[in-house]
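The chain contents come next:
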Amino acid sequence: MPPESKPERLPRFSTISDKEIPRLTTPEDLGDFDYAAKLGAPGEYPFTRGVQETMYRGRLWTMRQFAGFGTPEDTNQRYRYLLDQGQTGLSVAFHYPTLMGYDSDHPRSLGEVGKCGVAVDSLRDMEVLFDSIPLDQVTTSMTINGPAGILLAMYIVVAEKQGVSADKIGGTIQNDILKEYIAQKSWIFPPRPSMRIITDILAYCTGNVPRWNTISISGYHIREAGSTAAQELAFTIADGIGYVQAGVEAGLDVDAFAPRLSFFFNAHSDFFEEIAKYRAARRMWARIMKERFKAKSDKSLKLRFHTQTAGCSLTAQQPTNNVVRTALQALSAVLGGTQSLHTNSLDETLALPTEEAVTVALRTQQIIADETGVANNIDPLAGSYFVEWLTDQLEAEALAYIKKIDDLGGIVRAIELGFPQKEIGDAAYRYQCQLEKEEKIIVGVNRYQMKEEIPIPILKIDEEVERLQVKNLQEVRKKRDETRAQAELKKIEEAAHEGGNLMACFVDAVREYCTLGEIIGVLRGVFGEHKDPGML
Amino acid sequence: MADERKIRVLIAKPGLDGHDRGAKVVARSLRDAGMEVIYTGLHQTPEMIVSTAIQEDVDAVGMSIMSGAHNVLMPAVVDGLKKKGADDIVVFGGGIIPDDDMESLEQKGIKGLFTPGTSTETIISWVRENVKPR
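As given, the protein sequences belong to chains E and L, one line each in that order. If you're matching positions, the first sequence starts at 8 in my numbering and goes up one per residue. If you're matching positions, the second sequence starts at 12 in my numbering and goes up one per residue.
These are computed hints drawn from the structure, not numbers from a lab. Where is the CB? At the ideal position from N, CA and C, for every residue including glycine. Heads up, some of the hints might be wrong.
Said to hold, decoys possible - Simulated crosslink set (DSS-like; lysine-lysine; CA at most 27 Å straight-line):
#1 K45(E) - K303(E)
#2 K458(E) - K122(L)
#3 K498(E) - K485(E)
#4 K447(E) - K26(E)
#5 K538(E) - K497(E)
#6 K17(L) - K444(E)
#7 K538(E) - K429(E)
#8 K297(E) - K45(E)
#9 K119(L) - K94(L)
#10 K485(E) - K497(E)
#11 K122(L) - K467(E)
#12 K119(L) - K467(E)
Stated by the list, open to error - Now the in silico label distances, taken between C-beta atoms and shown as ranges:
#13 R299(E) - T129(L): 39 to 49 Å
#14 A407(E) - E67(L): 38 to 48 Å
#15 E459(E) - P144(L): 36 to 46 Å
#16 P144(L) - M457(E): 34 to 44 Å
#17 E67(L) - R531(E): 27 to 37 Å
Work the whole structure out from these sequences, hints included.
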């Protein structure tokens, strides 16, 4: 308690996740702090200080803006613009029908085509999307889960047509189905067949696409759905444990596939809590891989991650303030040692970003990299009593959740029981209640509001996009060799039933211009569909 | 005499988008404010929403859309209710809806539209003022 003569301005100080924060941290809060055991040098176990020896002095993080809208032609233009502006990697946002496994002419796609991302139905669309972009020179991340293998198959064939073999391409498919059930909710099949498809992808890529990150184990969407920082950390690492377990159970050598697992975290607004989260994540993963899974290769122990600033923190009110929020969030990701970064655009609570808005977002990263000097020294906040204490705290909270999930029978069972979903829903509701009581503040929303808002320009997706996309899709179906396409679909059905590697079948099928909706349709027939239990 | 019947609200997620944070927070707030709330879960077609609304005999349907498909899906629910003779069910909605789309949605029968940053208190008051047990 503060002395009466020095009152404090709040009865209780807490992070955005509602974790109580002490007035001061001192060496006593750290107990017997063993530098080598807790931190180690950068590039050395347990990797708390970073996964590479030189970190940003060797190479800056990859600046990778998530982008996609309208037709593949529209998005190709945006990619080429971003690369011209100094962006160093690509990241594809697909429209909802692609995410959910429907072609653009399916009745369920009505009204959704090209709206929330780029429309991709067949190999033709991927050829257009990456036209004039050399796939041996850029790496590409694709936010795709249920149909991840099919989109990777299309990417492999597009590269092949450019003369780039599969062992030369680099990038990431999100392919993290567990967090779909937990948070993002773009699922297709039930959990268990989904896990089977993922192990097929792990097996195929280990042999054929060795530079590809096969799963991007994602906390981002867990946080966006309203979790706390500790829950984001816990459920993400628990999902990671689930995938490694599944790979090992499928007979794969842990050191053969674990090095290609990567992670994806949110950068929310509570600056130090986020930095502590990234540092704790690296230490936890290293220990879990070493102790629980007996991994031997250092590459299996390293948690490499992408970061995106928090979409849910942006406000429709006074939207220019979003530039500042994003800059501070991005700074926490860099101080936390991220390997790649997406900075949100100021208009993203209103629509997909305009070219002007995404340019400011990219420039924000470039300013952090080239002007602030924060990339000169590795893990500069290490040794701060507060940062080390908070790192320990987040690790302990997350480990307690992981213990609980283990007790429930592992993450797949915990998801089937609705455990993480319920924890996140409760946290989201608690935060909303705190906002309404003004215990938590959002500038421009529940404090410092303005009567007159200054409108900003926003991107509109023309309704013509849907007609054009459907026309192109129908032409693809007309022009392809129908007998060969049908034969490939038949092979997928057989592999799904009999246990052949589905990823190998996807590559053959997309080459014959089988569409995404057709392939998923076959698999739906075999595996069934997951339905939302609609829990509140 | 029995108490006046509680307001019954269906909170619905039409379309393919999976962002259910807002829908769930609003559903819980309305329930905590004393209303009876039914939640459809995700990935509903307009037909599914209309049929649930009628089956559950609700007084209002609140839809949440983040994917940009609001111009197609929200009016489809209004039309569907009208065809089934249930146009006295009040339809409202929320999500990422640009200002330019507001007017046409209101003309098509979406009576209240709530965009990011709206407090649940505002939504609760609006429902109390605009929805009466049928």
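Against the structure, the hints come out as follows:
| no. | hint | in the structure |
| --- | --- | --- |
| 1 | K45(E) - K303(E) | 19 Å, holds |
| 2 | K458(E) - K122(L) | 23 Å, holds |
| 3 | K498(E) - K485(E) | 21 Å, holds |
| 4 | K447(E) - K26(E) | 12 Å, holds |
| 5 | K538(E) - K497(E) | 26 Å, holds |
| 6 | K17(L) - K444(E) | 26 Å, holds |
| 7 | K538(E) - K429(E) | 17 Å, holds |
| 8 | K297(E) - K45(E) | 15 Å, holds |
| 9 | K119(L) - K94(L) | 14 Å, holds |
| 10 | K485(E) - K497(E) | 19 Å, holds |
| 11 | K122(L) - K467(E) | 24 Å, holds |
| 12 | K119(L) - K467(E) | 20 Å, holds |
| 13 | R299(E) - T129(L): 39 to 49 Å | 45 Å, holds |
| 14 | A407(E) - E67(L): 38 to 48 Å | 40 Å, holds |
| 15 | E459(E) - P144(L): 36 to 46 Å | 38 Å, holds |
| 16 | P144(L) - M457(E): 34 to 44 Å | 38 Å, holds |
| 17 | E67(L) - R531(E): 27 to 37 Å | 28 Å, holds |
Checked against the numbered hints above, the structure breaks none of them.
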